Every structure is written in C-alpha cells, then in structure tokens.
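2 protein chains.
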Amino acid sequence: MEKFSVVFYPDDITVSVDKDATVLSACVSAGIAINAACGGDGVCGRCKIRVKKGKVYAHASGNLTFEEREQGIFLACLTEIQSNVEIEIPPESRLSLERVSRKDLQISVDDIYTKSEDIDSGPVVSPAQAYRHVPLATKIYLELPQPNLDDRISDLERIYRAIRAHNDLRIVQTGLANIRRLGELLRSADWRITVTLGNRNGTTEIVLIEPGDTAARNYGICFDIGTTTLSAQLVDLNAQKILGTKATYNKQINFGSDVITRIIHAHSQEGLAQLHAAVTDELNRLVLELIQGHAVDLNDVTCVVCAGNTTMIHLLLQVDPTYIRRDPYVPTANFVPVIRAHEAGLKINPRGLLSCIPGVASYVGGDITAGVLSCGLDKQEDVCLLIDIGTNGEVVLGNKDFLISAAASAGPAFEGSGMQAGMRAAKGAIQKVRIDPKTFAVTCDVIGGGLACGICGSGYIDILAQLLKLGIADKSGKLQAKECGRVRKGDLGWEFVIMDQQASGRSGGIVITEADIENIKRAKAAIYAACSSLLKHMGFDFSSIKKFFIAGGFGTYLDVPNAISLGLLPDMELKRFIFVGNSSLAGARSVLLSGQAALAAEDIARKITYLELSVQSDYMDEYMAALFFPHTDIAKFPSVAYTHR
Amino acid sequence: MEKFSVVFYPDDITVSVDKDATVLSACVSAGIAINAACGGDGVCGRCKIRVKKGKVYAHASGNLTFEEREQGIFLACLTEIQSNVEIEIPPESRLSLERVSRKDLQISVDDIYTKSEDIDSGPVVSPAQAYRHVPLATKIYLELPQPNLDDRISDLERIYRAIRAHNDLRIVQTGLANIRRLGELLRSADWRITVTLGNRNGTTEIVLIEPGDTAARNYGICFDIGTTTLSAQLVDLNAQKILGTKATYNKQINFGSDVITRIIHAHSQEGLAQLHAAVTDELNRLVLELIQGHAVDLNDVTCVVCAGNTTMIHLLLQVDPTYIRRDPYVPTANFVPVIRAHEAGLKINPRGLLSCIPGVASYVGGDITAGVLSCGLDKQEDVCLLIDIGTNGEVVLGNKDFLISAAASAGPAFEGSGMQAGMRAAKGAIQKVRIDPKTFAVTCDVIGGGLACGICGSGYIDILAQLLKLGIADKSGKLQAKECGRVRKGDLGWEFVIMDQQASGRSGGIVITEADIENIKRAKAAIYAACSSLLKHMGFDFSSIKKFFIAGGFGTYLDVPNAISLGLLPDMELKRFIFVGNSSLAGARSVLLSGQAALAAEDIARKITYLELSVQSDYMDEYMAALFFPHTDIAKFPSVAYTHR
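Chains as they are written, first to last, in the numbering used here: chain A, 32 to 676; chain B, 32 to 676.
No wet-lab data here; the hints were simulated from the structure. Do not rely on the hints blindly, as some may be mistaken.
One copy or any two copies: either way a pair holds, since identical chains are not told apart in the list.
To be verified - Straight-line C-alpha distance at most 25 Å; calculated DMTMM-like pairs for lysine to aspartate or glutamate:
#1 638 <-> 199
#2 638 <-> 181
#3 638 <-> 188
#4 34 <-> 301
#5 567 <-> 182
#6 567 <-> 181
#7 606 <-> 412
#8 509 <-> 244
#9 638 <-> 182
#10 520 <-> 99
#11 520 <-> 98
#12 638 <-> 320
#13 86 <-> 199
#14 83 <-> 467
#15 83 <-> 413
#16 577 <-> 634
#17 86 <-> 98
#18 458 <-> 572
#19 567 <-> 649
What you are looking at is a predicted structure, and each value in this text was computed from that prediction instead of being measured.
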C-alpha cells in the first residue's frame, strides 16, 4: 500500500498514512482531537480542515460552500489523501481544553454541606458525608515476628495472622504473583512489609506486598468518563485529600460526538478496540500528568474508581455496547465486579484495582448513581431533583424513600454541537453577549479574549434569553424584528447575526439560526418535560421540590434566570437551585475513599427505578407543551416577561 | 557457541546441544528421564550412560570402575559433550513406568468403607464418606427470559438472577473476559446458556459462560504430585465417576531424586523454571492422554485439584522453595488460594480453576492432609496411625479429637535409591527372592520377567527379611555365614551376591551390601521411631492403635510380615494394618467433588500439629533403639524369630 506523509498545522505533527486514508483517520493517528460530531459520516459538517499543499480527493458535501472549496477547505471525514499533504486545522474544528477549568471540575457537591473552599488543599470528605474512611485499597505496615521453631506457620499465613490483628478480615485471595515473590521479599525486608488490602466485591484481597514501610504512599484516582470530557483526580487515600485535578476531551469524539454514533462505530471492525484505546490512552495520560505534577510514583497508585454513563463504561472495559441501543435497550452489565485496572488498559500499579460505579439502565449510568451519592439525594427528607445536563440529560427525582430516573433525549445542543456556529466552551467561544435594546448592537464576551470562533452552550442560552426578552425571537422561536438589520435570510433560513465575517474568526461570520433556536427549544423541552413527567408520575409538581440539584460541566456555567426565561429550568425561587458541579467525579471520589460509600452506591443503583419516557403517554404531552419559550402554559412561569413586537 | 548433536539409544532421539553441555542436560532436553538421584552432583553414581561414538570429556568419579571407563561408561552428569555423539542409556539408569500400575493407583481408601470394587467404573464417593456433592466447578444450564421493556436488567444481572433461583449464592466475581463476550453470546445462543460456577475460597465466581446446554460435560482432574511419581485421574464431576487414571514419573528426577536436591536446584539460575516446567509438562501430558482416551474436550475440564508435599506444590506454582530447607523450615504458603490453573501452567480450560490441598508444614504437605481426609482419620473414634512411605516418610497419629504429625527422615532407600543395586519398582527389578536355607541358592522374581537389572524397595525388604531369618545377616545388619559362598568382600565392604555378572543385566552383578542393609536399617528405624515417638509424646503406645493405615505406592507392595520382621512396622495383629493405596490422590478427588471435603481438608490441615522430631530428645532414643533388626527391645516383637549363627 502506498504511504503518504501528512503534516498538520499549526501542531506541526507529521504522520504516515495509506493512500485513500481520510484526513479524519490521519487526525486520529496524530492524536489530534477534531470535532467529528457525527462520527465521520459527513453529516455534521464540523470537521472542516484546509489543505495547504498536496493532492486530496474530497467527496461532495452540502456542508461546504463553493468559496470554502475554492480555499481548499474540506471536511476531514470526506477527504481522502492522494499525495504527501499539509493540512491546517482551524480552531473551530478543534477540540481544545482551555475552559474545562478547575472551577468546572472542582465545585464539588461536598460543598453543599460545608463551606465552599479550595478543595485542592482541603479535606475531600466533608463531615456531613458520613461515610467511614476505608479506601478501595488500604495499606498496612506490618512488622512480622520472625519464624522460629515454635512459630513456623508459613510466610503467607504469617501475614494473614498479622493482618487479622489489625482487622478481622477474611482474606480470600492473594495473587500468585505475590506468593511467588514472598519468601525472598520477607527475608530481604527483614520481615517489615507493607500490605495493600483491596476490597473486591465485599471480600478482601492482598493486592500488593512491598518491602519496608510504604504505607504513607497510597494514592487513588477517580475518573469521570463523560461522553465529551474526561476528568481525573489524584487523591491521597490516607489523608483524604485531593492532590490535583486534570481534564481533557474524550478522544472518542473523533468517532462521533454522541453515544449512539459511538455504539454504531463500536460494532464496526476494530471499532470497539479503537474506542477503547481512545479513552484509555487519554485516561492514562491524565494519570501520568497528575502523578508527575505531584511527585507520586505510579506504583503507589493502587486503585481507580470510574463513573461514567453506561456506554462509556462499556467502552472503557472494551465490552460491546451494541445492545444498549437495540430494543429493549439492555446493557451487558450495570454492576461490574471490581477487576484489576490493567485488565481495562489503565496503567496504575499493575496489580491495582478498578471499580466502576454501578449504573441503573442503558441511559442512566454510574455517573448518575455517583451524582445521587454525591449530593445525598438518597438521604434527603424532602423530595428533590437532580439534573445532569451533559451530552445527554438525565434526571433523578427522589428522597430517602424513593428514587426514580429518566433520560431526556436532549441532544448535544447545550454542548454547542449540531448548531450552526456551535463549539465547545473553549478558547474563542462566545459565552455572553449584550444586545443593545435600541441599536441592536452586539457586544460579546469571548473565552480567552481574542477572535470569536463560535458560540458555546451557555453563550446560546444567554443570546437566546436576550433575543426573547427583546422580542427579536418570539415564543415559538421564530425570528422577528427583521428590520433590526441583524436578522437576515441565510442558506439555512432566517438567522440573527452576532458577528459578521470580518469581525469573527469564522468564515461566514457567527450567527444563530432559527434551526439553532429550534434545537435549543427541543433540548430544553426534553429536559423540562423529563422533570415534569417524573414529578407527575410520582404525583408531585415543581412546587414539591425543595432542592433542585444541577450537575455537570454545562450546569456549572448555567445562568439560572436565563435558563428559567427559556423554560429550561422551572420558575422557582433561585435559592432552591444548587449547583453541584461534577457530581459524578465527586461520587467516584467518595467510593474511592469509602467502602461504605461503595455499598451506598450499589444501594442507590438498585433503588433507582428507571422510567422509559418514550413509552409514557404523559411525556409527549409535557414535551409538546414545553415546545414554547418559556412554555405554552405561561402561568407556570410568572416571573418571565418578554417584549412583544 | 558450537553445537553438537546427541543421539540417544535405544530411544533414537536426537537433540542439539552446546559444546561442553553435560549428557544429563542433553537427557533433559530429549525428555529422557534418567536416574540422577543427587541432582547431577556426581555423588550418587546412578546416571551411568555408555558413549557409543564421539568425543566427550568425563570428569573423574569414584563411582566408576576402571573397566566401566574402558567400556565407555560414564556418569551423565559429569560427562561433557565435545563432538557429535551417540549415547546409550542402560535400563538401570533409566526411569521407566511399568510398575506404576493401575493397582498402585487405584486401590483407594474409599474401599475401606465399602466393598472393594473396580473404581474405574464404580462410583467414586462411597456412601460412608458423607461429603455433599458440590464439585469445585459446577455447571448449570439456564434458559433466561428474554429482556423486554418491563424486564430490562443487564445481561450479567439477568444471569445472576437466574443462578440465584437455583441457589442463593453471592457471586462476587465474573471475569472481564466473560463479560466482554456476553452480549453477543446470550443473543446468538437465544438466551440458553450454561454457566460454570467455581468455588473460590468460599466465594462464588462465574468461571465460564457457554452457549447452549453443556452442563452434562463437566470434568475435573485430580493429581497426586509425588516426588517420584505423578498420578492423575479424570473425573466426571456430574456422575462422580473416575473415567481414567494415568501415572508417570516426575521428570524433576532429572534434577535430583529427593526434595532437598530439588530445592537446591531451584535456587540456581533458571532452576525454578526448569523444575516447574518439568512437572507441569508431565501433568499436561497426563491430562491430554486422559482426555483423549475418554473423548473429553479439554475445554470441558473445568477444574483441577492437586495434592502433593509442600516442596512439590511450591514447584508446581513456581514459588521458590528455598526456605523450606532453611532453619526454621518455613514454607512460603501452606494454604494456597484457589487460582486459575493456567497461572500455574496447567492446560485445561483457560479459565478453569486449580485448588491445592493445604499443607501442614514444610515436611508434612497437602498429600498428608489429603491422606487423612481420605482415610477419615479425623473422624475415627479410636486412635489410629497413618504412615505414607514414599520418597519421604510421614506419620500422622490421631482420631476425631486430635491429629499430630511427624516427618521421618527415612531417606529414599525404600524407593531403591542410594543402594548399590537399587532401582525403582520398574521392569528388571528384583521384587522377591527365595534363598534356599541349605544351599543358599537364590531364585529371583523379576518385574516384567527377563534379565534382572537391580533390586527395588520391596525386593530389598524381602531379601533382608530372609537374610535375617536365615541368620545370614545378624541383628545389627552385619553379614555372617561367610562360608555360604555368596558373602564376599567387595569394593564397598561385605556384600551378599544375589546374582553374578553373567546372570544379571548389571555390570558387577547384583548384590546387597552391608552399607545397603545399614541404609534400610536407618530408614526403617526412622519410620518406626517416628511412630513410637508420636505415640509416646501423646501418652500412647502401639497397643492403643486400632487401625494402622499404610499409604503410598511403596506401601501397596509391602509384605507386612516381612516389614514386621525387619522392625519397620510394629508387631501387631495383621488385620489392624490397612492398605490405603494412593490416599493423596483419593483425598484430592474428594476435594474435587465436594466443597465440604475442601473445608474438611482445611480443618484437617489446621488441626494437625507438627512435631519436629529432630528437636525431641525422645526421638533420638527411639531411633537408636530401633537401629537393630527388629529392635533392641526384642520384647516388642514377640512374633519375630531369627536363626542365630
């Protein structure tokens, strides 16, 4: 097979590919995360690249204008390499990370109970979260009595006996690898050893036996494996302290931005292995960055806890997720036994453990279980709601007596996906706008300053809230005020121009189209209807809700009054809304630190009922009623007032 | 490195070796089991070979006569190859298997309780041995309800639920490999599957998930891993039937005939790996022969139970046995957790389990635990003794209330090792003689007929008993009757000629020397003294013993009156002696078939106290007193009468 070199700019990374390989697959080889929301089907039109030099064959695409083609701009997924080429990846096609920031990851639900504090340096487990501190892996330093003629139990039983003096555990497993080294190790260590005990599904295993006293060095990693974002925290398991947090995009995005596209890709030849490698490579990189940044030895990382949606956990474990999306939508495993992390390709201590937070159903995963655990929904006296608006939207209603969940088919609109000028909350994204009520002049707040490349989810909410308030958009989402000079008819229908081509870093300028507004309307209606259907199903309404927990990266940046004015959130007192940040990561951390929390997570996963909205007749009514801004029943939103034109 | 070819006759096997390699190492490469009792140190003089052609460098050895060297006879361990060579291995240097026969292996202790029967076709577990039938691995056929919108638990939990309908087991582990295949497997199998449940240290694991109904095909293997002999039985785990039994020599003999030599070898570079491979290769060969002979698929062999002495189990698991022979003689593990057989290099189903019967101490291993289990010593009302005379000699005294054990340093004399004309009980071994009381003419009973090559253990007992009875040897073991024409002075002192060079297949003829008699005397004294010391320690004497169980291959061929006349066995009513054959194998089989038996074995191993004879002052007295035939205190052997000369 003929081979060509591909140089990517501005990264200046060169890879070698076969003739006819797509630019998208070359990006994957080069480790460049590119926006391929549709998974490389040529549908989303988001993976635009510019061919600077060399020959390519570009399949036709309605997503490209004639001018773009003239400039050498093509879709990475539809462009096949025919010679050595040089390719530039524009910022808007790229997944960058500037705004997956500390704040995003670290406003933890622990802080609901305690004062907010910089948890980088504070204790992880707040007093109110009363799970006993017994990490997934515990180290015990033992000074064993030397054997003599009166005390000749075997080396292994000598260790068991000493452990039992600390804790009456029934040890059911010790790996052969440990036993093989044991005789020599004990004697060269002069009978002073550190034993790492792992909690494996309620039984105790000797995970490691090390010479000397290493008990002070026991670290764990918790991961939140999101469809879009991967977050990792390095935790000192003894001190119960977070040492550091890192996040990155989930490189599986190269194979599609949503779980369905990835499930389809997993079914292809090599697809499952590619998706598995894409996520584990990134997780391993996060681990390395974390330990290097905190002078921690990889061998002292003894355990990992992962929270993620059901598809993400299947892909992490390289388990075929096909049946998640086939009627009747059954995952292969919700409760995954504790295994060795290396079995899933995670590189910590080779014998270290991996626990995955149990999921509830195909579309309500362990990230939601972790969220419930983390915000203590399962312990509330009052009825509360938890919503997690990520790439998917999940809702849990309940208290100490019941828990019921639903998945809202919100689509990725709030992540900027599938929108004309949408992008993730990264450098160059417009996150806030001010529209002058008289002149309609628009001023933008761009992440990282500099040239705007697109609009992120919270930017859309902000823009739309103002369009509605000013009457530029009406309740159904149609653009009015066509006289204002900023509403124009584009290729895809009416659009409001935020920034024209000259002012922006985006060809064609930055606009919000009626189709975009429709997308947002459907997304917000899906989430609102999921909440109201759950409430109705249980005989409640929004007035019953004492606490409305909002989780997820998007949630953290959500402006509640704006969200209410759109009808995304119900019209309640603002103080009832509680941002819980990355509650999935916080829940995973609890499980890392406490076997009791792990049992609580299992209880939660078992206790949560899953309501399939698509078969609920009420749901469609609720959804249809919510397909207005803020709602067809305006009485539900007394505080919202729009300008009428 | 220069390479030479070595052709072995009469095997006609050719191997290629480096220059300066020893003939012994070439034998190992060729898979030829040769008698290297001392482990290749040039000490035992048993590995004689003849160089037919080619150049060798033979180190000097006192074990070779001038004539032998003239004939090209050298010690394999001291002979280095210097060219392409052809080498003949004489029968007496070779380990062959003719007499490790069905009878040896299959007279089972089960028959103590039931009528003796051909256990090849009969039930394994006799009714009196009331351990409930729950094999180490159990197969259950499940017809799972298909998931639907009202029943959407995950695939794995669906299986758990169905298993719990059979049996309320808490399943704590399911291998990731099983989970990875699960979604596809369940659907292609139309939800009809067979689950193999394994008992792993008191918890339940899903070992295998197979499509369709394979429940009828569930087989296990039990092994007795002796220092000299490996025995294996293929068991139908459902029907509780032995399908077949095979035995072979333990090829570790190439590295030394006794455990001490092997422990030393294990400490050398590659030594542990070589010893591990030597035993596992043979065990795997036995498994293949067994399954091929009974049309069983290897994947249907789901578990293995091994009984063996502590060193053998360490070597099987490739665990360094060094500390077994170093003061204070502590093994690395007596209780080995259940692991996957493949981890120890045993080739059954790749996920199949391996359980090792727990041992008591460095020199009282799991074979003895299995023996106690098998003969039900731990359930006896009366005080009983169990002796196992193999390469080592172990003794257990006890009943339902107590169990105490000791290891007798008997040495390998009863296995024909370290004796002038000694050989294992193989083809060409003299096993019985008749000495005419008047003419002293000797007639021999040779195993397999044909030319005699040496004397096996039971042959020595028989010869010595007659020499004593006829007064040719006196009570101290000195040869008398020097006038008889058969007692002569050889290179190594006085010897009795059984067969001269012409009549025998052995250069120098076949003799029993005073040194041989001394060896036997020490061996029998060690065993007798071990029994009497244990009894004395517990306040008993031989008259307290209601049943005297004799286990082991050698035991099976032991002539009790002869053994009494030597003072090896106490002078008791013959009916109290019970031959239990390979009780180690029988015990392993019980554990294979019953989790209850496995627990009983653990209880036994924990309950058995180990008495270190070498630090017992009484033991040396008992031993010294037994250093006569039959004993210094002739009142202990009223039935024994010798001719006095």
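How the hints compare with the structure:
Taking CA atoms no more than 25 Å apart as the test, residue 638 paired with residue 199 passes between copies only; the shortest distance there is 21 Å, against 30 Å inside one copy. For the identical chains of this complex, residue 638 and residue 181 are inter-copy neighbours only, at 16 Å across copies versus 53 Å inside a copy, given an alpha-carbon limit of 25 Å. In the homo-oligomer, the alpha carbons of residue 638 and residue 188 lie at most 25 Å apart only across protomers (15 Å), although the nearest pairing inside one protomer, at 40 Å, exceeds that limit. In this assembly of identical chains, the alpha carbons of residue 34 and residue 301 lie at most 25 Å apart only when taken from the same copy (21 Å versus 45 Å across copies).
Only between protomers do residue 567 and residue 182 lie at most 25 Å apart by alpha-carbon distance; the minimum there is 23 Å, versus 69 Å within a single protomer. In this assembly of identical chains, residue 567 and residue 181 lie within 25 Å of each other by CA distance solely across copies; the values are 20 Å between and 72 Å within a copy. In the homo-oligomer, the alpha carbons of residue 606 and residue 412 lie at most 25 Å apart inside one protomer (18 Å), although the nearest pairing across protomers, at 78 Å, exceeds that limit. Taking identical chains as interchangeable, the C-alpha atoms of residue 509 and residue 244 are never at most 25 Å apart, the minima being 69 Å within one chain and 61 Å between chains.
For the identical chains of this complex, residue 638 and residue 182 are inter-copy neighbours only, at 15 Å across copies versus 50 Å inside a copy, given an alpha-carbon limit of 25 Å. Taking the closest pair of Cα atoms, residue 520 and residue 99 come within 25 Å of each other only inside a single copy of the chain (20 Å); across copies the shortest separation is 110 Å, beyond that limit. Taking the shortest alpha-carbon separations for residue 520 and residue 98, only the intra-copy value of 18 Å comes in at or below 25 Å, while the best inter-copy value is 114 Å. For the identical chains of this complex, residue 638 and residue 320 are neighbours neither inside a copy (37 Å) nor across copies (53 Å), given an alpha-carbon limit of 25 Å.
In this homomeric assembly, residue 86 and residue 199 never come within 25 Å of each other (Cα to Cα): the closest approach is 70 Å inside a single copy and 66 Å across copies. For the homomeric pair residue 83 and residue 467, neither the shortest alpha-carbon distance inside one copy (40 Å) nor that between copies (109 Å) is at most 25 Å. For the identical chains of this complex, residue 83 and residue 413 are neighbours neither inside a copy (61 Å) nor across copies (95 Å), given an alpha-carbon limit of 25 Å. In this assembly of identical chains, the alpha carbons of residue 577 and residue 634 lie at most 25 Å apart only when taken from the same copy (23 Å versus 58 Å across copies).
In this homomeric assembly, residue 86 and residue 98 come within 25 Å of each other (Cα to Cα) only inside a single copy, at 18 Å, whereas the closest approach across copies is 87 Å. For the identical chains of this complex, residue 458 and residue 572 are neighbours neither inside a copy (40 Å) nor across copies (92 Å), given an alpha-carbon limit of 25 Å. With identical chains, the CA atoms of residue 567 and residue 649 are at most 25 Å apart within one copy only, with a shortest distance of 8 Å there and 87 Å across copies.
In terms of the numbered hints stated before, the structure departs from hints 8, 12, 13, 14, 15 and 18, listed from lowest to highest.
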